[in-house]
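So the protein lines, in turn, are chains W and D. Under our numbering, read the first sequence as residues 1 to 290, first letter to last. Under our numbering, read the second sequence as residues 1001 to 1286, first letter to last.
A portion of the hints provided could be inaccurate.
Unchecked claim - Footprint (simulated), chain W over chain D, 3 or more residues, beta carbon under 8 Å:
| hint | region |
| --- | --- |
| 1 | 1126-1132 |
| 2 | 1257-1268 |
| 3 | 1274-1286 |
Hints are computed from structural coordinates only; laboratory data are not their basis. Backbone N, C-alpha and C fix where the C-beta goes; we use that ideal spot for every residue, glycine too.
Single-letter residue listing:
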Amino acid sequence: MNSTLLETKNLTYVYSKGTSSQVHAIRDICLKIEKSELVGVIGHTGSGKSTLIQHLNGLLKGTSGTVLLDGKDIWEKKSDIRKVRFRVGVCFQYPEYQLFEDTVYKDIAFGPTNMGLDRDEIDRRIREVIYYVGLDESYLEKSPFDLSGGEKRRVAIAGVMAMQPEILILDEPCAGLDPKGRETILSMIKDYREKTGSTVLFVSHSMEDISKIATKVLVMNESRLAYYDTVDEVFRHADELRNMGLNIPRLTKLFLMLREKGYDVNTNVYTLEKAKQELLALLSKGGTDK
Amino acid sequence: MENYIEFKDVSFAYIDEYDSTTENETVIDNLSVSITKGDFVCVLGHNGCGKSTFAKLCNAIEVPLSGKVYVDGIDTSDDDRLYDIRRKVGMVFQNPDNQIVATIVEDDVAFGPENLGVEPSEIRVRVDEALRQVEMYDFRLSEPHKLSGGQKQRVAIAGIIAMQPECIILDESTSMLDPRGRREVIKTVKKLNEEQGITVIFITHYMDEAVEADRVIVMDDGKIVLDGTPRDVFVHIDELKEIGLDVPEATELTAMLIKEGVSLREDILDVEELFDSVVKLMEEKS
Chain W
1 MNSTLLETKN
11 LTYVYSKGTS
21 SQVHAIRDIC
31 LKIEKSELVG
41 VIGHTGSGKS
51 TLIQHLNGLL
61 KGTSGTVLLD
71 GKDIWEKKSD
81 IRKVRFRVGV
91 CFQYPEYQLF
101 EDTVYKDIAF
111 GPTNMGLDRD
121 EIDRRIREVI
131 YYVGLDESYL
141 EKSPFDLSGG
151 EKRRVAIAGV
161 MAMQPEILIL
171 DEPCAGLDPK
181 GRETILSMIK
191 DYREKTGSTV
201 LFVSHSMEDI
211 SKIATKVLVM
221 NESRLAYYDT
231 VDEVFRHADE
241 LRNMGLNIPR
251 LTKLFLMLRE
261 KGYDVNTNVY
271 TLEKAKQELL
281 ALLSKGGTDK
Chain D
1001 MENYIEFKDV
1011 SFAYIDEYDS
1021 TTENETVIDN
1031 LSVSITKGDF
1041 VCVLGHNGCG
1051 KSTFAKLCNA
1061 IEVPLSGKVY
1071 VDGIDTSDDD
1081 RLYDIRRKVG
1091 MVFQNPDNQI
1101 VATIVEDDVA
1111 FGPENLGVEP
1121 SEIRVRVDEA
1131 LRQVEMYDFR
1141 LSEPHKLSGG
1151 QKQRVAIAGI
1161 IAMQPECIIL
1171 DESTSMLDPR
1181 GRREVIKTVK
1191 KLNEEQGITV
1201 IFITHYMDEA
1211 VEADRVIVMD
1221 DGKIVLDGTP
1231 RDVFVHIDEL
1241 KEIGLDVPEA
1251 TELTAMLIKE
1261 GVSLREDILD
1271 VEELFDSVVK
1281 LMEEKS
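In isolation and in its complexed conformation, chain W is listed as follows (with noise of 0.2 Å):
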């Protein structure tokens, strides 16, 4: 049995509160999420993902219920939430854009440095982590501004690894990549959640990346949560997900054609080579068992 390490109680939050144009951004959120997941969050464009995100690590404070860290709260004491902040690493959509020193070395120094590290834990850390994102030690003399967008967002994401957060939210980290840097970016996640143990949670708009990489499934909907399960429990809800506006993975959805046709098929198929083998073993039974 897993140990649950972070968990939200009945958390709402809602926008301009008492004005005409208060909004539930998130409503009655439980949720409870045990260490090393690799947890793919998906949700519609104003489902919630970003507002509870934002949560998790005490960027916003929820108008009621709570989020327990190691099943402490949060806020228990708020000049404590510095520390939860370093422990829940968050890396924002476009983390690029937050690039700001002369070298790829000090902007990986920069969240370290403010947890107060020694120099050498600091540069051992950063000499970890630039391998983590798939570049390796040359990079760490360049300006980050002469990097590829690929590139600049790695060293971005390097930089809240060197932090060595318990878990690392990041937000649509594979946003406005080619397909070869939206793969590269999320092998880089399933290694690192391997290597170091690391809870791991990130947003993505692609059914296809989720299944792939991802343990667990998180599905916002109109500011609810919808399902929070194993991906082949959240893909099993394929009419539901589609009404809100979501899709499943276009290799499941063949297989799932397959089965409503009446042929004994397998629809937890997330991979090409899996669908290859559910396919090679249909068709050598053929149409015997229809």
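Following the hints, put chain D in place on chain W, whose structure we already have.
Just chain D now, kept in the frame of chain W:
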């Protein structure tokens, strides 16, 4: 078929004005291509392959270092014709927040025609018409910052339509949008292409968008490496992967099955087509 945009042996490099010692990296390398009037052309390529420069050469934001680009027969390096070219070829960029200039939707759409010196009464007509075409008429008095990404991009498209262009270029205009916003933009552009015959050059990273085009051009290193219908282009799975691109999953899965001896046609583009083919195989067997 009439050629609308024509590239003749075009080369281009960005020159560093402050440092004449560095070698200028060639971004477009001796490129010759023509775009037919009324076509929906999709341009694919990884970041840095020269797609955006290609787009900028199409409406004289950049002019070739050598070679010529012609838009509807006009040489883009002819300074006197700059306004004619910009009027003919409109561009929608990646980030919706970077291209909206006014504080009210309809003012933003009017910005282009105003600068072209169109009569105010005519502007009124064009703005209303353009907003109806992108289905944003009901939002004409809204503030742009309150719109979703997809809605902002449609307002940007309306701003281009109000200038009555013959060609619209969308440079990764869907890459910052969510799936719903992407669908809205594609639907709008396809409609303009089909109903009004506007030539569309659509630059994207999404393969499922590219399958909608009449023609797909794949660029790498400033050159065109593949050019044809989506079916012709996407069967080149290995070549596309080598230059960092993807192919639709259904096409790749089909190729994997063919390798295992399953008899399928190789140019399948989406899961619906693959589903039909598999069902057919199963029915033949039983």
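Quick rundown of the hints versus the structure:
1. Given a C-beta distance limit of less than 8 Å, the hint that chain W covers the region 1126-1132 of chain D is violated, as 0 residues qualify and 3 are needed.
2. Here's how the region 1257-1268 of chain D fares: 3 of its residues keep a CB closer than 8 Å to some CB of chain W, so the rule of at least three is met and the hint holds.
3. Using a Cβ-Cβ cut-off of 8 Å, 9 residues of the region 1274-1286 of chain D lie near chain W, which meets the minimum of three, so the contact claim holds.
In summary, the one numbered hint that this structure violates is 1.
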